[in-house]
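*Asks:* What follows is the residue order along each chain.
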Amino acid sequence: DTAVSQTPKYLVTQMGNDKSIKCEQNLGHDTMYWYKQDSKKFLKIMFSYNNKELIINETVPNRFSPKSPDKAHLNLHINSLELGDSAVYFCASSYGESGELFFGEGSRLTVL
Amino acid sequence: GNSVTQMEGPVTLSEEAFLTINCTYTATGYPSLFWYVQYPGEGLQLLLKATKADDKGSNKGFEATYRKETTSFHLEKGSVQVSDSAVYFCALRARQGGSEKLVFGKGTKLTVNP
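Chains as they are written, first to last, in our numbering: chain X, 40 to 151; chain E, 360 to 473.
With the rest of the complex left out, here is chain X (with noise of 0.2 Å):
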């Protein structure tokens, strides 16, 4: 049993589109995140979920929109696809802010 499953695995699209990424994650876990790594894997946090409140928020375009319809679920949308947005989504989940992540195996997402 995957603890934290993202779908799809991979994304390519063309710029202007808008695509969604699905997580969900079947641990127990309260809080979900989503990480944004670029092509020299550099990562970096866009948002975090506690409970289904959106408790971090870093400066990401309004573009991305989280969603959480429950606490095992936390789905990315992203509008109007630009090719600075291609990277690999990593979705992660914990017990609280303060547990340890369990990340998924990611999204790789194309924009072409």
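Errors might be hidden in some of the hints.
Unchecked claim - Using 20 Å as the maximum straight-line C-alpha spacing, the simulated PhoX-like pairs for lysine-lysine come out as follows: (1) X/48 <-> X/91; (2) E/465 <-> X/83; (3) X/75 <-> E/468.
To be verified - Cβ-to-Cβ under 7 Å is the rule here; a few derived chain E residues that face chain X: (4) 399; (5) 401; (6) 402; (7) 403; (8) 405; (9) 446; (10) 458; (11) 459; (12) 463; (13) 465.
No lab work stands behind these hints: they were computed from the structure.
In this text, a Cβ means the ideal position worked out from N, Cα and C, and glycines have one as well.
Please build the complex by placing chain E on the supplied structure of chain X, with the hints as guidance.
*Replies:* Below, chain E without anything else, positioned relative to chain X:
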């Protein structure tokens, strides 16, 4: 703000060589420190952690000691294996702007040759 600086890679070693990956941090207060590892094609996994000064984290032959006086958390392993080839991330967690945040270094790619 809080930040982590780790040595730039890539690092290439032969099997059974000694490994050190340097990591220093800047933080207000008393952060917790971590090393995460990312194997090819996978997400990050926690390798080890230390939550207070002088604590030593260890796992799978890797060790790191939380040194407050030098603000460092260097990763070491006495004898690396080919299976240790991965990207290693140093990270700190501290309260910033009303919430706890995990801040990562830029990662160091390690390749171990047989």
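*Asks:* So, against the hints stated earlier in the document, which numbers end up violated here?
*Replies:* The structure conflicts with hints 1, 4, although it agrees with all the remaining ones.
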